[in-house]
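Engineer: Using the numbering used here, you'd call the opening residue of the sequence shown number 438 and step up by one each time.
Be a bit skeptical, because a hint or two may be false.
What the hints assert, rightly or not - Ranges between beta-carbon positions, derived for each pair:
{"#": "1", "residue 1": "743", "residue 2": "815", "range": "27 to 37 Å"}
{"#": "2", "residue 1": "773", "residue 2": "617", "range": "52 to 62 Å"}
{"#": "3", "residue 1": "459", "residue 2": "641", "range": "22 to 32 Å"}
{"#": "4", "residue 1": "849", "residue 2": "750", "range": "39 to 49 Å"}
{"#": "5", "residue 1": "853", "residue 2": "815", "range": "15 to 25 Å"}
{"#": "6", "residue 1": "857", "residue 2": "775", "range": "12 to 22 Å"}
{"#": "7", "residue 1": "667", "residue 2": "846", "range": "23 to 33 Å"}
{"#": "8", "residue 1": "552", "residue 2": "773", "range": "46 to 56 Å"}
{"#": "9", "residue 1": "541", "residue 2": "640", "range": "44 to 54 Å"}
Simulated from the structure, these hints should not be mistaken for laboratory data. Given the structure is predicted, the values throughout are model-derived calculations rather than measurements. Beta carbons are placed, not taken as given, at the ideal position from N, Cα and C, and that holds for glycine.
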Amino acid sequence: MSRTLSLPLRSMRSSALIGPATALFVSANIANAANLAFNMVFARIMGPAAFADLTLLLTLKLGVLSFLGALQFAIAERTAKEPQIEQSRWRGFDMSWRSLKVSVPAMFLVMALANYLATALNFSSPMALVILAIAVPFFLPMIIYRGLAQGLVDLPRIIVSIQAEWLIRLLGSVLLWQAGFGLPGIAAAVGLSILAGFAFSTQRRDWQWPGQRPGLVVDAQTRALGLATVPYLILQFAQVLVLDSDIFLAKISFSADTAGLVAGLLLIQRVFFFAFLSCSTILQPLVARQSEKETSASNLFLLLAAVAIITALALAVVVPNSAFVVGIMLGDSYSALTSVVWISALTGAVFMASHLCAIYQIARGRSGAAIVVLVFGLLQLGSLFAINHIFAGLEIRTFFGLKLVIQLGCLAVLMGMISMSRKTDPKP
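All chains, please: the whole structure from these sequences, using the hints.
Structural biologist: Written out as structure tokens, the structure reads:
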């Protein structure tokens, strides 16, 4: 069967990138705005201490999905290069069912360790962890089918899956919280949103039992998928370190109220990062399909320029109105963050630029970029942990300022690597 794509990836150039990139950007930021609304609502009705617990719960979910996101990028890369669509779909179907052998035991393990994890992390609701664990078997299938849609640049399926996920999470959480179910109710809504994201990323035939579908022989490409996952896994691990590790440091080292302030800053940081994550989604399959002689980085630079311009415009609004922005996003309890909000926002945008550079390099077969991001992520974690213990009472502004400096260094190194690799690439 010949391959047909939703978009002509082989002939796509910078001008043709704008359409799909814009569609995904708009879709992602509708979801981003909904997630912001979610946090704005619960930051107000829960207060800083309880909001820190909610942030920790969502961080655990995002951390798992970030790691599994490595598989999504690897599947997208293999799918973009696969000449037969059916071969890609069968592989995804087979992997989805096989994943239950891992995810179901993982679900029961999390349930068994819920009390221990809650105590270790100063988390107030072990039951919320138990309820969220019920959704674990759907994490991998959702990632697998989203990877297929990404590799095929199936924009309608990607967009509907994203929109269904946030809609269930927001509405379900508000309804269950108002009904008095507390944090476990929010955990249930989050779990249902994962199920919705999975369901809308599939096709009708993907719900057949394995015996009704042709068996897939494990071939060289299936084995290659495991190797392709490694650099993306390293990058996703680095993403968790950079974006999510602060809440763990805060919960362990700071008071409950200060940890709540850190949670508020992480929300702002995530808004700026996830606002542009769709750029990686569209860039990666395009670069993966380039031949060795197609060495132009124009698409990367186009997206980096878009990130820079939009970030500059956003900061031009945020900086002079930081008190208003914090008040709207988080409430009066977070007024201490007024002088820090721009640092957190810029850090999220800078790391997104690094993410784009790393995705471009990995898709070109240069996995060393993922190592660079990981090294700087470890440097950030180690530096913040050490400084916080050496200098008692470290100000949040200093804490996040150091984080921004480290991430600017990471971006500079990655840009230097791309500049050097372009000089050594074969000419068209």
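Engineer: Are the hints correct? Go through all of them and say.
Structural biologist: Going down the list of hints, with the structure as the test:
{"no.": "1", "hint": "743 / 815: 27 to 37 Å", "result": "holds (29 Å)"}
{"no.": "2", "hint": "773 / 617: 52 to 62 Å", "result": "violated (31 Å)"}
{"no.": "3", "hint": "459 / 641: 22 to 32 Å", "result": "holds (29 Å)"}
{"no.": "4", "hint": "849 / 750: 39 to 49 Å", "result": "violated (23 Å)"}
{"no.": "5", "hint": "853 / 815: 15 to 25 Å", "result": "holds (20 Å)"}
{"no.": "6", "hint": "857 / 775: 12 to 22 Å", "result": "violated (41 Å)"}
{"no.": "7", "hint": "667 / 846: 23 to 33 Å", "result": "holds (24 Å)"}
{"no.": "8", "hint": "552 / 773: 46 to 56 Å", "result": "violated (33 Å)"}
{"no.": "9", "hint": "541 / 640: 44 to 54 Å", "result": "violated (24 Å)"}
Violated hints, in rising order: 2, 4, 6, 8, 9; the structure is consistent with all others.
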